[in-house]
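A.B. asks: Each chain, letter by letter, is given below.
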Amino acid sequence: MTAADVPVHRPGPRAWLLLIAAEAKMVARDTSGLIVPLGLPLLILVMNGFSYAGETTADGIDVFELYVMPIALTIVIASVGVINMPSFLVYYRRTKVLRRLGATPAHPAMILVAQMVVAAVQSIAGIAVGVAAAMLFFGVGLPTDLGLALAVLGLAALTMFAVGMIVAAVAPTPSSGVAFGLVGFLLLGATGGMFGPTENLPGPVAAVGEVLPFGAAVQAVGNAWVGLEQNPAHLLAMVAAIAVSVAIAVRFFRWE
Amino acid sequence: MPAIEARGLHKRYGDVTAVDDVSLTVEAGEIYGVLGRNGAGKTTAVETIAGLRRPDRGTAAVLGLDPRRDRARLRQVLGVQLQHANLPNALTVGELVRLYRSFYRDGADPGELIERVGLAEQRKVRFEKLSGGQQQRLSIALALVGGPRAAILDELTTGLDPQARRGMWSTVEDLRDSGVTVVLVSHHMDEVERLCDRVAVIDAGRVAAVGSPADLVARAGLEQVVRFRTAEPFEARVLDGVEEAREVRVSGDEVAVTGSGNLLQAVSTALVRAGVTVLETRFQQATLEDAFLALTGRPFDGEEESR
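Which chain is which? The protein sequence lines are Z and P, in order.
For the record, in the first sequence the residue sitting at position 160 is 160 according to my numbering, with numbers rising by one throughout.
Add 256 to the 1-based position in the second sequence for my numbering, that's all there is to it.
Don't take each hint at face value.
What the hints assert, rightly or not - Partial pick of chain Z residues on the chain P-facing surface, computed with a CB cut under 8 Å:
#, residue
1, V8
2, R10
3, L18
4, R99
I should point out that these hints are in silico values taken from the structure, not numbers from a laboratory.
Values in this document were obtained by computation on a predicted structure and should not be read as measured data.
We put the CB at the ideal spot given by N, CA and C, even for glycine.
So here's chain P without its partners, still in its complex pose (with noise of 0.2 Å):
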């Protein structure tokens, strides 16, 4: 049984749908992407999967559980990380934590729990005092403070310094590795591309394409690129014997081979055979982003309207 199940979601905004048609299969321990530009409706999507907003179809089950009609026992053990949301601003972060630890039955320790987030050194600091960074890092401890087997984290790092982020990223990785199943919502490739096992890429309220980084970027058949310099004038037909090799374009001293599969390691053995001297190698592979650009059709600027 999956962790988290959704089928032909559907919700309308007067006369924007927000989501459309959108089915989901998340299984138990793995880091699940949803990605998608800002307003793509990815929060509306997995907003409705934790059951705070209601679709006007589709249904979902989140540990087997009914979002609205088992909300009490949802709430127990879905930890969920909502993009925007404030917290009290006089309150300081060991107030905040142990207010929210003390709905749950069971959970983490306040004082453990902070310091995981590595806000120790903060447990005294107003929530309005803290940096975005830190805000942020009280955010997931708030969404982890119930011990929850699977947790909803809404555009985790925007906003974060690159440090910041990195240490994020290790933070959820821990979960994974304690067996909690995450749904990262995010509009960052590396993010994405770094921590996912599975991703679904959202485009216009559609899922459009779902499967692993690599096999994402295997799926939209893009090309890699070789491109190296040679001591001596090339002969192309070293290559002829490539099957990885679809284009092989030689201009001064400067070739640039094009193909697919394992493309570095097959040119490079055939210009061993041959006996070419090779100076500087590079290779270019497509990146998730490439991948998006193609699922979707369209340029990923990540900076359209959220709503």
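The shape of chain Z in the complex, shown without the other chains (with noise of 0.2 Å):
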């Protein structure tokens, strides 16, 4: 009895769909997951709204576009890649969902490609809604450059789903995998602006901030917004941020 004859068989585009559909149910039915990354940028929209829409900088640039918008699409992405992706990946390892994967003819990779689909559709509404709502309640516009602003905001997305990898990869257990990120999370969003104007942080802290993947990411869609030049220091950082992390992620990323 032999299986010489079996053509070899590799999922097709069907089986794609349906993992990436089946790992959007299950981000979808973690109600709580989406309470950050959806709900707190509006929070922070509303707050800062009252306090700075219309204020501008001395150069007459829009406070609002400059700082807040940036801030509040940047907790999207961070909360989406370095928190939710990561969770659900460790949940998987820990769960024995990847080495059970792997006994069938799809890879355990699959998994991680559907999930970062899944994370940047997330992403993408996130931002949708928040720039919605800053439109409509605080007379927010379009950036000046839109390509480079999505063009940034792409950056920055892969720069925080790099990020959660490590975060996937280190983690031993589902709840240490949301402290790690919930730590990395708050460290990344504090030095970079998350609670308030990095000029009140002392020197050091502030200037390491903004090229840590927070900060830059804030500071390049910042820019990106309101038209001014962007400083290749935050996309250096960003693009040398997915290197390190990466190679950290694939050193210790274990399927089981």
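Please assemble the complex out of the two chains, which come individually in their own frames, going by the hints.
C.D. replies: Below, the structure written as structure tokens:
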């Protein structure tokens, strides 16, 4: 009895679609996980909206567009990438979902890709909600250079997802995954302006925060939004964060 | 050509030798039991055969395929049910079966399969809301969804209630009837004795014995006991001519005859011939559990630490 004549078959487009749909359902059914990426940015927008709406810097740049918008949008991609996505992957490894998948013709890496697709969709949804609310209630306009702003946001999202892969690689249990993710999110956020202007931070902390993923993303998105020139340091910082994170994740990631 | 063949498998974890020179030959269409205590190395051995672990030494072939080199082909034709493997909690029975079906080129119709394992009413129930038995049945369904030619089922009925266990057993028998080769890993004696055509007894990482359950009992050289009471005082010499009887013990009106072979029939015939009136006959035969004890030299408690 031999099966040497069995054709090699890799899961096709239908399998990919079903897997992405399955991951989307997992994320959507985890209602509490949606609060931070969808709710927190709105809260930030509303809170800051009352204090900063209509204010401008000395150069006449809208404070809300330069600081508040990028912080709200960066919170969306950072919470999805650094907290939510890794928590699913750690849970899948811990409960041997990945191992079970490895016993089928599907490769467990498919679930990683599917999670990233869903994380991207989740980020886009969160960004859309935030931007729509800002335009409706606080008169925020579209970015001066829409294409550039989208490209910068995309780079920032990739950076956050890459950082999230470190969490997915090193966290041994689902709860430690959430803890690592949350601590990472808060550290990056705190040094990057999530809790107030970085001018209020000690100089060295602010300088480091500005090249860490959250700070770099906020600065780059803010500049793109109001049409200021991009500081290459912010973009390079994000590219470097992606390279370092992927290297660490690949080194330490375990399927089981 | 056998369906599954393993030669000299070795696997060490640190100082612990989990699998020590294990060789197995599973013929096409049989239910082959892998029996042993928890932690004996059963799971490591079959997961190595399934290509989920890399052996330190030794080779395996499943349906003529190398589990690692021909991984893509093998995954199409080998169904695997893993011990303690969970599924995504928030997905429903129907969603999971359809998802897993999409990984295979050929396979079962999801709806029919769900019905076959008795989960039709749970189709829309999430994995986390299923009972232990229902989760186990879903796990079987996913092992079979690709229409495998061989299936490895690890601790199929552990944690199930008696009725659910019997349901599982008939599912496995149906599999054999449809021509699927089944490797059943178990530490339940009754399950192995009932289902398996042949059994490999694994002890401390090694194959202690291979044979049909009846073979193993016979090979262990275990004796049978016929006990009866008689209306009149019993004369032991009535059984003198019975070759199968090795020892006859009389205590009061109870007689215990120990021996082997077709002991019960031989004793009954001799008693009838001598005109002895027998009250209450009891026959004790060695079970697979007794044989296991004899073959491995240690009692079977089934509760040793699993690794």
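A.B. asks: Now tell me, hint by hint, if it's right for this structure.
C.D. replies: Quick rundown of the hints versus the structure:
1. Satisfaction of the interface hint for V8 (chain Z) is found here, the shortest Cβ-Cβ separation to chain P being roughly 5 Å, below the 8 Å cut-off.
2. Restraint check, R10 (chain Z) versus chain P: the minimum CB separation of about 7 Å is within 8 Å; hint holds.
3. At about 5 Å, the closest approach between the beta carbon of L18 (chain Z) and any beta carbon in chain P falls short of 8 Å, and the interface hint on this residue holds.
4. Using the Cβ-Cβ criterion of 8 Å, the hint placing R99 (chain Z) at the interface with chain P is satisfied: the shortest such distance is roughly 6 Å.
Consistency with the previously given hints is maintained throughout, with no hint failing.
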